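Student: Protein chains in written order, with our numbering: chain A, 1 to 236; chain B, 1 to 221.
In short, the hints are calculated from the structure, not lab data.
Take the hints with a grain of salt, since some may be wrong.
Unchecked claim - Covered stretches of chain A (chain B as the covering partner; in silico rule of three or more C-beta atoms under 8 Å from a C-beta of chain B):
no., region
1, 48-60
2, 76-84
3, 89-102
Predicted model only: the values in this text are computed from it and were never measured.
Each residue gets a CB set at the ideal place from its N, CA and C atoms; glycine is no exception.
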Amino acid sequence: MSGAAIAARGLAKRFGPVTALRDLDLDVERGSVLAVLGPNGAGKSTLLGLVAGLMRPTAGSLRVNGQEPRARTTRAAVGFIGHATFLYPDLTARENLRFAARLFGVPNPEARVEALLEDYDLARYGQRRAGTFSQGMAHRLSIARGLVHDPDIVLLDEPFAGLDRTAAARLGTRLREVRGGGRTVVLVTHDLARAAELADAAIVLSGGACVHHTGRGEFSPAALERAYLAAVDGAT
Amino acid sequence: MNVLLAVLWKDLLSEWRRRDRVLAMLLFSLLVVAVFHFALVGVSDAQLRASVPGLLWIAFLFASVLGFNRAFALELENDALSGLALAPADPGWIFLGKATANFLLLVVVQAVTAAVFGVAFDLALAPIALRLAGIVALGSVGLTLVGTLFAAVAVRTRYREVMLPLLMLPVLMPVLIGAVQATAALFGGEGVAAGSLRLLLVFDLVYLIVSFLIFEYVLDE
Numbered sequence: 001m002s003g004a005a006i007a008a009r010g011l012a013k014r015f016g017p018v019t020a021l022r023d024l025d026l027d028v029e030r031g032s033v034l035a036v037l038g039p040n041g042a043g044k045s046t047l048l049g050l051v052a053g054l055m056r057p058t059a060g061s062l063r064v065n066g067q068e069p070r071a072r073t074t075r076a077a078v079g080f081i082g083h084a085t086f087l088y089p090d091l092t093a094r095e096n097l098r099f100a101a102r103l104f105g106v107p108n109p110e111a112r113v114e115a116l117l118e119d120y121d122l123a124r125y126g127q128r129r130a131g132t133f134s135q136g137m138a139h140r141l142s143i144a145r146g147l148v149h150d151p152d153i154v155l156l157d158e159p160f161a162g163l164d165r166t167a168a169a170r171l172g173t174r175l176r177e178v179r180g181g182g183r184t185v186v187l188v189t190h191d192l193a194r195a196a197e198l199a200d201a202a203i204v205l206s207g208g209a210c211v212h213h214t215g216r217g218e219f220s221p222a223a224l225e226r227a228y229l230a231a232v233d234g235a236t
Numbered sequence: 001m002n003v004l005l006a007v008l009w010k011d012l013l014s015e016w017r018r019r020d021r022v023l024a025m026l027l028f029s030l031l032v033v034a035v036f037h038f039a040l041v042g043v044s045d046a047q048l049r050a051s052v053p054g055l056l057w058i059a060f061l062f063a064s065v066l067g068f069n070r071a072f073a074l075e076l077e078n079d080a081l082s083g084l085a086l087a088p089a090d091p092g093w094i095f096l097g098k099a100t101a102n103f104l105l106l107v108v109v110q111a112v113t114a115a116v117f118g119v120a121f122d123l124a125l126a127p128i129a130l131r132l133a134g135i136v137a138l139g140s141v142g143l144t145l146v147g148t149l150f151a152a153v154a155v156r157t158r159y160r161e162v163m164l165p166l167l168m169l170p171v172l173m174p175v176l177i178g179a180v181q182a183t184a185a186l187f188g189g190e191g192v193a194a195g196s197l198r199l200l201l202v203f204d205l206v207y208l209i210v211s212f213l214i215f216e217y218v219l220d221e
């Protein structure tokens with residue numbers, strides 16, 4: 001498939017009187033990793049929610065894989081790993097993955113679930129209820145859940161938040177694997193070092209507007225840091 | 001259809017592990033039976049027969065409000081509702097999965113409540129059991145469809161416990177009227193009026209279609 005994996009033109013989202021995102025133009029190349037940075041309330045999670053089809057834009061257009069984000073084929077191609085884990089605490093890890101596999105119509109779900117449990121070091125805990133998991137284990141299970149249908153586009157909303165150093169390092173390794181699979185990744189983070197390490201393009205949002213854009217091939221961690229710090233200082 | 005079955009399986013399994021929803025519904029409806037059992041001491045047989053259909057549906061209705069509220073509260077933990085909304089399927093199937101689970105749990109509560117009602121008020125339910133089950137099923141489909149839809153609407157509001165009955169009770173009036181009239185005719189020994197059953201059937205069909213179609217907008221953040 002040719003063209004941008006994600007293309008936004010004049011994209012805006014308002015919640016009542018609050019403008020969460022305004023007039024955003026964006027192209028995310030297929031197979032690239034885009035870091036989305038910005039202070040709290042900049043519109044980062046709103047952007048992911050729009051791409052995931054969880055909300056509708058107030059104005060502008062948004063195409064994901066050339067289609068409307070809420071189209072079934074688009075949803076089948078997008079994996080969303082959010083702030084929250086989307087897990088059911090009363091179901092075991094295996095049951096949570098099995099449920100997600102059935103929601104996404106994964107062929108041969110049992111084999112896929114077992115493979116994911118193995119890949120994410122959760123095979124030993126497959127029969128344990130998700131509600132008993134530590135934050136790090138729940139994070140891993142949440143990522144496995146988001147990738148259960150092997151999506152082309154992966155949306156990650158602050159995946160390092162609340163993790164200790166070991167868990168964050170382990171998650172970084174997982175994300176490099178996700179990136180290595182040729183997927184398009186949009187990574188929302190406050191962690192500049194992680195963004196510089198994982199991304200090959202970046203935008204900085206502030207007050208719902210894009211204040212910095214570095215395309216693929218022109219990625220500069222120093223410029224990104226300056227833009228990010230200016231956005232954070234401007235917001236405080 | 002796969003999504004319906006997946007959501008149904010997940011909801012029933014969660015309920016089996018917790019059992020808090022069915023227990024709360026049962027406790028409430030049995031409490032209603034107990035209260036009315038003591039309140040109606042000394043009334044004549046005829047008065048009792050006239051009161052029982054309304055009392056039965058009061059127990060069903062308020063037990064269902066408790067259960068429906070809890071059904072979507074479960075989806076708020078870890079924002080699982082957004083996880084559901086990401087599924088590449090018509091959201092109407094998610095609604096039907098939730099509604100079917102709610103219906104089955106309500107049926108369990110209704111069966112126990114009706115049996116206890118029969119014993120408490122010395123009613124001979126066996127001869128009318130099948131027809132009563134049919135009326136209760138028709139009424140409960142409408143009750144469940146409206147309750148599940150409005151529980152999904154109310155769950156993201158601040159006062160969801162209060163919002164659900166406020167939203168659903170006015171809409172349910174046709175169901176309650178039809179169900180109580182049909183049940184009263186059955187207990188009164190008359191034939192069940194076709195008009196009441198038609199009312200229930202039409203309401204069920206309308207809300208089945210409407211809920212399936214609009215659930216997509218209910219899921220919007």
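Student: Run every hint past the structure and note whether it holds.
Tutor: Okay, the hints, checked on the actual structure:
no., hint, verdict
1, 48-60, "holds (count 6)"
2, 76-84, "holds (count 6)"
3, 89-102, "holds (count 7)"
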